Structures are given as structure tokens and as C-alpha cells.
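Visitor: Please work from the sequences and hints to get the whole structure.
Protein chains in written order, with the numbering used here: chain B, 1 to 333; chain Z, 1 to 333; chain A, 1 to 333; chain S, 1 to 333.
Keep in mind that the hints were calculated from the coordinates and are not lab data.
There may be inaccurate statements among the hints.
One copy or two, either will do: identical chains are not told apart, so a pair holds if it fits within one copy or between any two.
Straight-line C-alpha distance at most 20 Å; calculated EDC-like pairs for lysine to aspartate or glutamate [unchecked claim]:
id, residue 1, residue 2
1, LYS135, ASP89
2, LYS26, ASP324
3, LYS36, GLU61
4, LYS198, GLU252
5, LYS50, GLU270
Please read all numbers here as calculations on a predicted model, not as lab measurements.
Number of protein chains: 4
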Amino acid sequence: MVNVGIIGGTGYTGGELLRVLAFHSKVEVMAVTSRKEEGKEVWEIHPYLKGFYDLKFVKPELRYFEDCQLVFTAVPHGEAMRYVPQLLDAGIRVVDLSADYRLDKETYEGVYGHRHEGWRDAVYGLPELHREEIKKAELVANPGCYPTSTILAAAPLAKMELIESVIFDSKSGITGAGAEPTSFTHYPNLHEAIVPYKIVSHRHYYEMVQELKAFQEDIRIHFTPQVFPGSRGILTNAHILLRGELEKEELEKIYKEFYRDSPFIRLQEEVRLSYVRGSNFCDISVNVGGERAVIISAIDNLVKGASGQAVQNMNLMLGFDEADGLMFPPLFP
Amino acid sequence: MVNVGIIGGTGYTGGELLRVLAFHSKVEVMAVTSRKEEGKEVWEIHPYLKGFYDLKFVKPELRYFEDCQLVFTAVPHGEAMRYVPQLLDAGIRVVDLSADYRLDKETYEGVYGHRHEGWRDAVYGLPELHREEIKKAELVANPGCYPTSTILAAAPLAKMELIESVIFDSKSGITGAGAEPTSFTHYPNLHEAIVPYKIVSHRHYYEMVQELKAFQEDIRIHFTPQVFPGSRGILTNAHILLRGELEKEELEKIYKEFYRDSPFIRLQEEVRLSYVRGSNFCDISVNVGGERAVIISAIDNLVKGASGQAVQNMNLMLGFDEADGLMFPPLFP
Amino acid sequence: MVNVGIIGGTGYTGGELLRVLAFHSKVEVMAVTSRKEEGKEVWEIHPYLKGFYDLKFVKPELRYFEDCQLVFTAVPHGEAMRYVPQLLDAGIRVVDLSADYRLDKETYEGVYGHRHEGWRDAVYGLPELHREEIKKAELVANPGCYPTSTILAAAPLAKMELIESVIFDSKSGITGAGAEPTSFTHYPNLHEAIVPYKIVSHRHYYEMVQELKAFQEDIRIHFTPQVFPGSRGILTNAHILLRGELEKEELEKIYKEFYRDSPFIRLQEEVRLSYVRGSNFCDISVNVGGERAVIISAIDNLVKGASGQAVQNMNLMLGFDEADGLMFPPLFP
Amino acid sequence: MVNVGIIGGTGYTGGELLRVLAFHSKVEVMAVTSRKEEGKEVWEIHPYLKGFYDLKFVKPELRYFEDCQLVFTAVPHGEAMRYVPQLLDAGIRVVDLSADYRLDKETYEGVYGHRHEGWRDAVYGLPELHREEIKKAELVANPGCYPTSTILAAAPLAKMELIESVIFDSKSGITGAGAEPTSFTHYPNLHEAIVPYKIVSHRHYYEMVQELKAFQEDIRIHFTPQVFPGSRGILTNAHILLRGELEKEELEKIYKEFYRDSPFIRLQEEVRLSYVRGSNFCDISVNVGGERAVIISAIDNLVKGASGQAVQNMNLMLGFDEADGLMFPPLFP
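Guide: Pasting the structure below:
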């Protein structure tokens, strides 16, 4: 049994880490923090977990994590950088779920608009692209939910340098906006709606650029995020204007080959958010008409888009099987 | 053309007054207030009304209403009592959409937990019960949304003194909770949910007691409110334990007779919230099995449960036809 | 008072014609047909319209329409062509809501896969593009819901020949799939979902090609439709790869100019389906980032996307004001 | 490893059995039937299970189950009675998810309106009430979803004979209506709706009578079911008119005591469908005001209300721990 800890346990990704780790037989959550809810039982904040944890929230202090081999930081960007260096210096490996270590330092500071005060080198934690580096990493930067959804949809074609332009039109469940009530998450504002936002300027864009341009330098990338009326899930339409025409069979072959060793990528004839809900899968379908391929990907934003992927990274870092404790079925319908 | 005004124009009931009055050919909205949004165009706060009003929000000061014959107060309880006496003293008739004048003073102070600092006598504005008094009233207290839904479901049987006990199990759309984001209105907290609240202690209960006991003194009344995943509507199951058994035909006859002159009550074989959405109708179906009748009523909480009923009251007060400007069809599906 | 009729009155567009025409003070629905529900009252099939029509469904026979100046055909494609020639030959003008007269005959037969057995020349009924021809037309082909949504989003830039490629990513409410229960409309299949379908092959595509290529011959057009969890509405993201960069202000000017005389087009800072729900408006916002403009349009698929637009066409054909009986406010929230 | 089989594997309860059993380390699904989909892979019909089963649907013939110790019958009532006697005669134990063995023969024939052609004695499979009998049973009749939800809410008070009348007002997710598209499951008919049905005459009522009258003979029981806009879950308000008043603390004590040994019953301060979604828990909260207690229960209708409970029964029958393979966390939010 390996001891792990969670810094930031009351938000959606913190709660989801607790849910996902409840399936895992090889790790035990030793400590979970909350400055606001310190002293309360986990189930007082997450009543759905009643019966699963006998654990109280503690303050985010290093001493609680001394016996942990790995810690998840699930706090907002700008805040993670305060904890990560301490943990690493204490010899504890880290999977950071915030944006703090996903980009290079300069890009980060430009995009997020503040100085990075705790820089360390990290591996970008998309196992399907960086499996071997993750195994050896001390610090893994868990990808954003949209980048997970979009990069996985386009990477195989980018690797073949077959993309002229790609336009990612993504629709996310509202949990992506966090557990704090805002005008954005106000029920009547999302009911029977599709709400585009940051239409040409979302910060996750830069992760897509970083990862896809590593495959194909001259790719043109566009991204528009939206929320749809639902709690979980991201469905991405990757509209890809191709260099030259391709048959559907050729596309399928490219994707199968690329994801041959990836247990959480499933090629499906049709993708549905309900086919991946609650699970760590990323389902993908390929479609093509003339010069345009439409690659559709579906993930659960809180699992493959956040906490499940973090556990997948943890598995690789700790030498477990990549799928340990993560191969639970989706909740359909 | 009669001039009217609105105090409190940015919330859901204020916005809905503006929407409903846009259908009305005999009145014109002269002034609408907002302390917070003063100076802004109506359509800046309510973009869906772009093109309907050429009007800016003003401060809630008496001078803006001097040429109005009637003013709607659509501010929270406790606040309405600050404006109503001023308006009445200036000779302006008032329909108050808050709770401030619905109960007798003593009951009000007990239920709402603060002193009433602007008491005036008012008529309870349920036209189906108090049509004639409303016509002559200077001040009409527009009923709560739940009381509208429940009282209309039970009044005909209460009048016949046929009720042993009634249990109102009501489900409301979330707009009843207002336009301010809270944990209650947070999308993931309502998605795929039915959320009971104030399960045995909602303040609207006292309006039901006041109106139904006026018909039948010894009636036993119980009420449990809930929200359901939707914006608009209240569906009430009135579970009525009867004194003696009744056939469905007898029930129908009682309801038809009671609501003979009420243009907004429709008896339906089946009620659906979608059959009344956006309209001022209250649809009712009667069902009976042994000792229990189940009377089901459906309203749009923002129309018949608030702003539409306020305009219905206005029509009566101003000598118009009760249905003027209100006989627009529901939005189905 | 002008008499009009409806062939096909039980589906969603038929019901919506009845709802919309209930607002209209200058026309009266004289006859409405249903082969299946012949003899039933309108409100037996559309209970939400109880109180609005005293009219029974009749068989689709010419004699019921002899006193009509105009008839709406709201039956499936392939079926409308059986009624339209008869009506025209009897001197009755027609607005056809099916696809039967939207394309040229040859394209129609290729796209819909069967012979056209009742060909007549028609005007494509998008008033914002063909206002003057509609006024004089005997037969108006009411546009599809997606083409209304997409063409209105791109036409101003196509007219300026500024488009390199346009990718329409559209999301529709499920009423677009009709009133018959299918696997597609089955609640659990749409709940918490975004469902792409006919991803590179929807038939409405050819209307977009016809109308936009008339402005700019060399435009490249792509289209992917989806349904979202809601009853009504189409939100389209028109991702436009521009010829040369444009500022947001320039874009706004182009759109304002193009739609100067169009009462149902509203430029908004942000578009929301809830801002147009139940109304005949098409709201549009313009956004731009580098080489890509994102024009977002929102309509109610049953109103501006079908029955409301049909009445708008009727208004033009009968010499009424374009907005007569149609300028009712949206139902927000 | 124990071999089990499923007769009827394509519906929602069949699919859910497959999902739940995928968590179970002590049993293996050997055969699953479908007359219609014979020969297809499980994942072709249930794409969300891709990767979990390497199994093809077979015809419902006895020979496929000869090596099974236990078979689940997940076919409609009236149909199960054709398979159950055969299986029992072959020495195979059965958990029947249909209604065929829940009531005594005479009541069954009256309520379901047809003769019972394969009668066998069965144990009513509500483990919280009949744990010891289930362990020894050859045939267990898995309870209906509504009876599970209602009986668990009222049993502790019925056992104390403290109930004057109980009115169950239950709201179910639409998966309870099955996987076949109907007018009832048609999206626009459920969107933003609460739909009461069989308001005083649902067949599940008789299970409630059977189980609760066994505790308290003179209890008066009423039941009204509804569907709400969601896939999964049943929330029941048990409005209980008490014999004598009780404090909340006394109620809590009664419930805690009654469910002391029941791992899937959780007393919560507040119940939410999202706290039990996807899990086998039944969460209960107790509330009281004067003569009325309101006991609220929440289950996932497909898990504790069907397939999860069936596995719970299987665990007891096979001598496993009651919670084996079932103690997975709910999917919140």
C-alpha cells in the first residue's frame, strides 16, 4: 500500500480524486487538506462519500504529507506553485492538476498574467503522448480538460503532418467551471442553452499549440469552448481541413496505430458522452467528407479531463499498471 | 393609455412584468427602477427585450411615478414596505409582488421575523377568490407562487367542506429562487435532481392556511416544496383525504362550477407544465381513488405565480377586462 | 381579416403555426388538416391551445381551403408536392414549410433521392435575402431551420466576398426531429449529451451552398449538425477563415449595414438561446481573433427556423407589415 | 469464481447488470441472451461496455446456462414465468427482476390481468427486510423500483405501528420506463416537466401494501408516481401522518436501529439523488413537523431499484458478503 495525499480536497477535482481513489486497491489517501473546512470529516463536505473515508480535512501543511510518496495538488492556478516546490524538496513526487506547470515559464507568465514564483521543470501529463517521461518524472503537470479532449482528437493526424487547419469546437459540462456558484453556473442561465465563452481567447489554447506543434510545426489551430446543459463531459468536434483527401479506412488505421498501447482510448463508430461518463475513457470516432475530417472525441471532464488522468499519471510514476484502479465501467445512461 | 411603473425591474419578476406588459395595448410602462443599474437601458440588463423598450432604469424615487396610475413593487419582502405607503399616500394604486401585505400584520411579523414598518390594509390578490374586492382595492398583495398553485387546487373542495387533510407536494422551477447565483441555483446541484427544502416549514404555508381556512375552518394542511430541473413552472399534487367518497364526475362538476367565470383556469384531462409555460393559465386535473383525491395544478411560476397575476390584478383594478393583454398562448413544447 | 389554412396541423410546425397565428390580428385560420385526427378539436391534440381555437381537424381536401387566400403546407418533404400544385392551380398562394421547393429540381432529386412529381417555381423564403421577390411570389419555400441559422450568420461576409472557408458547427433543440418518438428523441439518449449526426452529410447543406454561393462563388462551406439537451433553439458557430484580417468594429459595421431593414435580426454583444426562445428573432454576435471570425447566431428553430418565418413570409405576400403579429417578446429565462 | 447468466441482456436492467457485475471479482457472466440481437457482441449493443466483455448474445435456451449456479431474469413481466420454472428445475437458482413473483399468485393475476402460468414460491428480495430468507431461497423476486424506494422509507415506522396514513409522492428518472422510445420518453414531453401518471392506480402499489401491512395491519397507504427530467433516480417523499407526535431525534433513533446491519442504507442530513447516483445506496433523511413526518429516500432506480439489488440478493444467496462488488462510490455531481 502506497500512501498519497491531496492538497485541495473540497472542489470538484478534489472530490473526484477521492471518488476515483476509492476504487484503487494499491494506494491509500493519508491526508487531504482544506483551509476552510479544516477539522471536518470528508463526508460532511462530500456526503456522497459517506462510508468511504474515515478522514478529516487538515490544513495544507507539509508535515501531514511526510509519509506520502506522492501528492496531488488540486488547487487553483497561481496557488499550486506555492506548494509544489516544498513537496518536491521534501522528496515527494507531485501530480499537479492546476495550470501552473503545463506551459513553459515564459508562455505561462504571458497567458496567466502573473509571475511564476515556484518554477520547476515538469512533464506534460498526457500519458498517450508522454508515457515514458511520466514514469520517471518527479513533477507531472496534469493537462487541462479541453486540451486532453482536443489534443487526443488531433495528435495522430498532426504526427503524420496531414493537417492544414484544425478548428476545435468543444462543448463542456458545467462542472468545468468549478463548485463555486456564479452567474455562469446559475441554473436558468444554462438551462436549454449552449453558451460559448472566451470564443477566440481561452487559455487552454496554448497547451494545444504546445503539444500539436511539437508534431507538426505549421499547423493552424483554432479553438472555441462552450458549456452545454449537463454536469460532466466534453465533446469536441475537431474540424480538420486536410492536406489531401483521405478515406475513412485510412483515418481509422492511423488512429488505431497511434493509440495501440493506450488502454483508455476507444475507437467507436459513434461517440456519446454517456458512453464515457464517470470513466477514464476517451472515445473517438473518425468521419470524413471531402477535404474535411471531423474527429469527435468524448471524455468525462472530471475523470480523463482531470482526476482520473491524474491517477493514470500516478500509476505510471509509481510503477503500477497504467490502468490499475481505473478500469471501472462508465455510467450509462 | 394608462401609465404604470415598476419598482424593482432587474430581477426575474421585474423582467417578467416587462415581458408581459409588452403584450398589453392599454398600458405603458413609464418608469422602471434599479438602484444598482441606474442609467442603463432596459435591454442592457434584459437583452432578450432589445427592441421592446426605450427606457432607462431610474432610482426608486417617487417623482418618477407621479404620472402613474398604478405601480408594481417587485422588490424583496421587507423592502416593499418602504415604498408602498409613499405610493398610496401619493394617490397611486399598488400591486405588491412581495410578501409584505399578504398576511395579517401579526402573522407576518411572526413568520418573517421582523417588524412591519409600513402597514396598510390590502386585498389578497387571487382574482379567482377575491375578484370583486380587487377591483376596488388601492393595494393588492399579489400571492406567492406556491400559494397560487396550491390554493387554486384545493379551494373548490374546501368551499364544500369536503377535506379531511390536504398534503401539498409542490415542485417548482428554479427561477422561484431568484436571479442571484447561490448554492441552491448552482447547475450541478439541480441537474438530474429533485431537491426538497424547508420540508415542513416554508413561509408560503401561512397564505394557504389563511385562504383555505376561510372556506373550511377545520381543514388540516401540510406543504412540502421542492425544486426540479427546469426554469419555470410549479406542479402541485394536492393529495386530499376526503370526507366521504366522491366520483370523478362529481369532482369535475365542483371544479367547473367554482371556476365558471375564471378565464385563466382550464380543466384538463392531463396537466403538463409545458401546456402553461409562459402563459397566465392555471391548468387543473382531478383524479380520485377511494378516499383520496389528487388534484394536480400547473402554473408558470413567473406568470400566474407572479407577474402575470399582477397584471391580471391590474386589469381588474383599472376596470379593464380581466384577460386584457394576458390571453397569449403558452410555449409548447 | 384574411382567411388562411394549414395542411398538416398536428406536428410541431403545425402546432407552432397555430400558436404564432393566435397573436395575429389580421388573419384567421379557417381550416387545419389531419388525416389521422380528423374530427377532433384542435385542443384535443394541442391541449396547450385550449381556449384559442374553436376548430376541428379536417381531411386534406381542397374544398376546405376554397375561401383561403393563403395556405401553409406543414407536411413532410415528398408529401407537400402532392398538395402545392393543386392549391396554386386553385389560385391560392402557398408557403411550404417542407423541403420540396427549396432547391432547384435537379439538386432536389439528387439530394432527397426521389423524383419531384409536382414541380413549380418558388422563391426561397428567407426575407432578409429575398424580401422583394417574396412579396410577389405565389409559392414561397420556407427555409430549413439550419439554413436559416447558418445563412444569416455568413451572408454579410459572403456578400463582401471575404470568406476563405466557413465551418458551421450547429446545435439544435430536439423538436427539430419532430413529434414522433424515436431512438434519437428518447430522453436517456439526449440527457447530458451533445449528439452529432449526419456529421458530413446533412441535406440542409445544399440550401447553404445555394444561397451563399450566390453571393460568393468560391466560398468553401462545411456543416456539422448536432442536437443538445433542450426542446427549442439552434445555436450556430460560424467559424470563418477570412481573406485578410478584420477588426471587430469593421465586422459589426458590415452586419449592421446588411441587416439595416430587417426587424428580426438583432446584433447582440452576447447571444443566448434564451434571448430568442419562442420569438421570431435571430440574434447575432460577431467575434474575431486573427484570421478567424466566429459569427454566432441564435434562433428558435420552431419560430424563425420554421413557423414564425412562414408567417413573416405570409406578411410580405399579403402586403402586411413584415412584423405584424410577430413582434412578441422571447420567453426568458 | 462462480458462473452466472443473464436472460434478457439488452434492456436497461440487463445492461446495468453487466455494468455492476463488471465490478465483482467473485462471479463471471457466462452467458447473456437476446432473441433479437443473437450473435452480436455485448459491446455492439452496449458500446459503453467496450473492453469489458468478450461475450456474444445467445438465444434464451437452457443449455447455455447449464454451468451457471445462478441466473438473473431481466425480461418483462409475463415473460419471466416462462423461464424461471425451467431454470429452477435444472437446479439453477434465480433472481427474477420482473414482477412475476413479487406478489402472491391471486393478487398477481388480479393486478397484472393475466393468468400466472409458471407459479413457484419466492422470497421478496428486499434484503433489509428479508435477509435471512433470501440466503436460503432458490427463487428471489427482486422488488420493483418504487416499492424499494417507498418501503424502505416507511418500514421502520410501520414496524413500530406509528403510522396513521402514508402518502408516497415519488419522482422517478425516465429510465424506469425502459429503453424503447415512446411518447412518454420523448424528450420534449419530459423536458422542463414533472409528469404524474397512473396517479391513483400504479401496480407497484400492491408490493407496498404487502410489505408494509405485514408490519402494521391497519396502515392506510397512498401512492402517486411521477417522472422528472433525468435519467436515473427515484426520490420519494413519504408524507406520514403519525399516531402521536415524535421528535426528530426519536425518529432518527428508530431508523438507525432498524437499519443497523444494512450496509446500503445511509441516514443523511439531506438526501440528494446525486449522492446515490450509480450506486447501490438508499439514502434517507427524516423530518417532522407536528403530526406529519416526511421521510425522504433516494435511490438509483437502476441500481438499488433493480440490478444492484439483484446482485445484493445474489451475494446473500451465494454466501458472499452482502456488499461484495457493490461498494463502489456514487457519481457526484
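Visitor: Next step is simple, just say for each hint if it's right about the structure.
Guide: Evaluation of the provided hints:
1. LYS135 to ASP89: within (19 Å within a copy, 55 Å between copies)
2. LYS26 to ASP324: both (8 Å within a copy, 18 Å between copies)
3. LYS36 to GLU61: Within one copy only: 14 Å inside, 42 Å across.
4. LYS198 to GLU252: Answer is between; shortest inter-copy Cα gap is 18 Å, intra-copy 32 Å.
5. LYS50 to GLU270: between (36 Å within a copy, 12 Å between copies)
Hint violations for this structure: none, all hints satisfied.
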